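K.L.:
The chain contents come next:
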Amino acid sequence: MTGPVERSVPATALLVLGCPEVPVQQALALHIAYQLKKHGAAVHAAGNPAVLNLLKVSDPAKHYLPELQVLENCIKDIVEKKRDAELCIVFAHSDAGISYAATMRHILPDARLVLIIFGKEPEPLAALADFPCEKIVEKAVHNPMAIKKKINGVFGWAA
Amino acid sequence: MGCIENLPYEMILPLGASFKECREYVEKNFSEFWYVDPGYKLFDEYIIGLPPIALGINGAKIVFPYTKPCHGTYLLGVEDADEADRVRKTARKKK
Numbered sequence: 001m002t003g004p005v006e007r008s009v010p011a012t013a014l015l016v017l018g019c020p021e022v023p024v025q026q027a028l029a030l031h032i033a034y035q036l037k038k039h040g041a042a043v044h045a046a047g048n049p050a051v052l053n054l055l056k057v058s059d060p061a062k063h064y065l066p067e068l069q070v071l072e073n074c075i076k077d078i079v080e081k082k083r084d085a086e087l088c089i090v091f092a093h094s095d096a097g098i099s100y101a102a103t104m105r106h107i108l109p110d111a112r113l114v115l116i117i118f119g120k121e122p123e124p125l126a127a128l129a130d131f132p133c134e135k136i137v138e139k140a141v142h143n144p145m146a147i148k149k150k151i152n153g154v155f156g157w158a159a
Numbered sequence: 001m002g003c004i005e006n007l008p009y010e011m012i013l014p015l016g017a018s019f020k021e022c023r024e025y026v027e028k029n030f031s032e033f034w035y036v037d038p039g040y041k042l043f044d045e046y047i048i049g050l051p052p053i054a055l056g057i058n059g060a061k062i063v064f065p066y067t068k069p070c071h072g073t074y075l076l077g078v079e080d081a082d083e084a085d086r087v088r089k090t091a092r093k094k095k
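Protein chains in written order, with the numbering used here: chain A, 1 to 159; chain B, 1 to 95.
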């Protein structure tokens with residue numbers, strides 16, 4: 001894991017969400033969106049329809065995540081240069097999540113890429129991510145507190 | 001990626017194969033294979049994965065990894081002579 005880094009606040013941030021079967025993802029996504037928004041970033045989230053519906057229900061007035069997009073459309077927009085992000089945060093609790101992170105690394109070469117690896121067995125997954133990125137790795141399924149602390153540390157956010 | 005799901009595909013490796021297994025399978029089982037990077041357009045969709053992504057070709061059949069967030073990566077085969085020719089012209093031989 002990379003230590004806290006003093007950086008300017010990104011103007012644009014993209015959250016890439018995995019399958020919603022691990023509960024902490026939802027809480028962390030809203031926490032990160034809240035923090036980024038508080039620090040002045042425009043936040044955009046992408047995921048599959050199930051995860052987007054969970055976020056829509058959790059944030060009905062779109063306070064935290066004003067813009068949601070189906071993942072495939074988001075990738076299409078980035079490849080076609082219709083969308084960009086200075087910061088990209090990818091959630092991964094499966095092999096598929098690592099594949100999406102690798103894809104983001106390739107199509108957003110200039111972005112700061114932070115890969116949050118969680119779930120029951122995050123360490124083997126972390127070993128698969130051999131491309132340049134900052135990794136936050138923590139065993140987390142239902143309890144988001146320990147991984148939230150690590151995330152806050154990496155971004156320099158107060159608890 | 002509804003488009004690929006609507007194609008008449010053959011499942012080469014089933015649900016939950018890793019991207020590494022898919023690459024190794026293609027390299028081991030196809031005499032003709034090509035490499036592309038994530039974001040390469042195939043069947044009008046953008047391919048996901050860790051570079052280099054291996055695509056196998058057998059005649060007119062293209063074999064490629066297809067990733068779904070909830071399941072992982074499948075290895076699929078689709079017959080399309082025009083698309084196979086396009087891969088031959090636009091993909092690379094070296095990793």
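Because the hints were derived from the structure by calculation, they are not lab data. This one's a predicted model, so the numbers in the text were calculated from it and none came from an experiment. Any given hint could turn out to be false.
Stated by the list, open to error - The list that follows gives simulated cross-link-like pairs (lysine-lysine, DSS-like), each with its CA atoms no further than 25 Å apart:
no.: 1; chain 1: A; residue 1: 76; chain 2: B; residue 2: 20
no.: 2; chain 1: B; residue 1: 41; chain 2: A; residue 2: 135
no.: 3; chain 1: A; residue 1: 139; chain 2: B; residue 2: 68
no.: 4; chain 1: B; residue 1: 41; chain 2: A; residue 2: 120
no.: 5; chain 1: A; residue 1: 76; chain 2: B; residue 2: 28
no.: 6; chain 1: A; residue 1: 82; chain 2: B; residue 2: 68
no.: 7; chain 1: B; residue 1: 20; chain 2: A; residue 2: 82
no.: 8; chain 1: B; residue 1: 20; chain 2: A; residue 2: 120
no.: 9; chain 1: B; residue 1: 68; chain 2: A; residue 2: 76
no.: 10; chain 1: B; residue 1: 41; chain 2: A; residue 2: 76
no.: 11; chain 1: A; residue 1: 135; chain 2: A; residue 2: 37
no.: 12; chain 1: B; residue 1: 20; chain 2: A; residue 2: 81
no.: 13; chain 1: A; residue 1: 135; chain 2: B; residue 2: 61
To be verified - Every beta carbon over 12 Å from chain A, so not counted as near; a handful from chain B, in silico:
no.: 14; residue: 12
no.: 15; residue: 16
no.: 16; residue: 28
no.: 17; residue: 31
no.: 18; residue: 37
no.: 19; residue: 38
no.: 20; residue: 44
no.: 21; residue: 45
no.: 22; residue: 48
no.: 23; residue: 61
no.: 24; residue: 73
no.: 25; residue: 83
no.: 26; residue: 91
no.: 27; residue: 94
Claimed, not checked - FRET-style restraints, in silico, Cβ to Cβ:
no.: 28; chain 1: A; residue 1: 81; chain 2: B; residue 2: 82; range: 24 to 30 Å
no.: 29; chain 1: B; residue 1: 79; chain 2: A; residue 2: 58; range: 32 to 38 Å
no.: 30; chain 1: B; residue 1: 58; chain 2: A; residue 2: 37; range: 36 to 42 Å
no.: 31; chain 1: A; residue 1: 152; chain 2: B; residue 2: 88; range: 27 to 33 Å
no.: 32; chain 1: A; residue 1: 61; chain 2: B; residue 2: 59; range: 28 to 34 Å
no.: 33; chain 1: A; residue 1: 57; chain 2: B; residue 2: 5; range: 24 to 30 Å
no.: 34; chain 1: A; residue 1: 120; chain 2: B; residue 2: 58; range: 36 to 42 Å
no.: 35; chain 1: B; residue 1: 89; chain 2: A; residue 2: 132; range: 29 to 35 Å
no.: 36; chain 1: A; residue 1: 156; chain 2: B; residue 2: 14; range: 23 to 29 Å
The C-beta atom is built at its ideal place from N, Cα and C for all residues, glycine as well.
K.L.:
Hints first: check each against the structure and report whether it holds.
P.N.:
Verification of the hints:
Taken as a hint, the residue 76/A and residue 20/B pair is honoured in the structure, with Cα atoms around 24 Å apart against an allowance of 25 Å. Taken as a hint, the residue 41/B and residue 135/A pair is broken in the structure, with Cα atoms around 28 Å apart against an allowance of 25 Å. Between residue 139/A and residue 68/B, the direct Cα distance comes to roughly 23 Å. Compliance with the 25 Å bound is thereby established for this hinted pair. Distance hint between residue 41/B and residue 120/A is unfulfilled; the C-alpha atoms sit about 34 Å from each other, more than 25 Å.
Distance hint between residue 76/A and residue 28/B is unfulfilled; the C-alpha atoms sit about 31 Å from each other, more than 25 Å. The hinted pair formed by residue 82/A and residue 68/B meets the criterion: a straight-line CA distance of about 23 Å does not exceed 25 Å. Between the alpha carbons of residue 20/B and residue 82/A the distance comes to roughly 30 Å, so the proposed pair goes past 25 Å and is violated. With a C-alpha separation of about 21 Å, the suggested pairing of residue 20/B with residue 120/A holds against the 25 Å cut-off.
Between residue 68/B and residue 76/A the CA atoms are separated by roughly 15 Å; this keeps the pair inside 25 Å, and the hint holds. At most 25 Å may separate the alpha-carbon atoms for a hinted pair to count; residue 41/B and residue 76/A meet this at roughly 9 Å. A hinted pair counts as satisfied when its Cα atoms are at most 25 Å apart, and residue 135/A with residue 37/A qualifies at roughly 22 Å. The straight-line distance between the Cα atoms of residue 20/B and residue 81/A is roughly 28 Å, outside the 25 Å bound, and the hint therefore fails.
For the hint linking residue 135/A to residue 61/B, the alpha-carbon distance of about 38 Å lies beyond 25 Å, and the restraint is violated. Every CB of chain A lies more than 12 Å from the CB of residue 12/B, the least distance being 17 Å, so the non-interface label holds. For residue 16/B, the shortest C-beta to C-beta distance to chain A comes to about 8 Å, within the 12 Å cut-off, and the non-interface label is violated. With 12 Å as the threshold on Cβ separation, the claim that residue 28/B sits away from chain A holds: the shortest Cβ distance comes to roughly 19 Å.
Consistency note on residue 31/B: stated as away from chain A, and its beta-carbon is indeed over 12 Å from all of that chain's, at 26 Å minimum. The non-interface label for residue 37/B is inconsistent with chain A: the shortest C-beta to C-beta separation is roughly 6 Å, within 12 Å. Under the 12 Å C-beta cut-off, the non-interface status given to residue 38/B relative to chain A is violated; the minimum distance is some 4 Å. Distance check for residue 44/B against chain A: the nearest CB is about 10 Å away, which does not clear 12 Å, and the non-interface claim fails.
Under the 12 Å C-beta cut-off, the non-interface status given to residue 45/B relative to chain A is violated; the minimum distance is some 7 Å. Chain A draws residue 48/B into its interface by the beta-carbon criterion, the shortest separation being 5 Å against a cut-off of 12 Å. At the 12 Å boundary, the C-beta of residue 61/B stays outside the reach of chain A, the nearest C-beta of that chain being 23 Å off. With a cut of 12 Å on Cβ distances, residue 73/B falls inside the contact zone with chain A, its closest approach being about 6 Å.
Annotated as non-interface, residue 83/B keeps its C-beta farther than 12 Å from every C-beta of chain A; the closest such distance is 18 Å. Distance check for residue 91/B against chain A: the nearest CB is about 15 Å away, which clears 12 Å, and the non-interface claim stands. Non-interface status of residue 94/B relative to chain A is upheld: no Cβ of that chain comes within 12 Å, the nearest being about 17 Å off. The supplied range of 24 to 30 Å is met by residue 81/A and residue 82/B, whose beta-carbon atoms lie about 26 Å from each other.
A hinted range of 32 to 38 Å for the beta carbons of residue 79/B and residue 58/A is inconsistent with their spacing of about 44 Å. Remark: the range hint 36 to 42 Å for residue 58/B to residue 37/A is contradicted by a beta-carbon distance near 50 Å. Checked against the given bound of 27 to 33 Å, the beta carbons of residue 152/A and residue 88/B, roughly 50 Å apart, lie outside it. For the hinted restraint 28 to 34 Å between residue 61/A and residue 59/B, the CB-CB distance of approximately 55 Å leaves it violated.
Look at residue 57/A against residue 5/B: about 26 Å separates their beta carbons, and that is inside 24 to 30 Å. Between residue 120/A and residue 58/B the beta carbon distance is about 38 Å. The supplied range of 36 to 42 Å therefore holds. Roughly 30 Å separates the CB atoms of residue 89/B and residue 132/A, a value that falls within the hinted 29 to 35 Å. Take residue 156/A and residue 14/B: their Cβ atoms lie about 44 Å apart, and the range 23 to 29 Å is violated.
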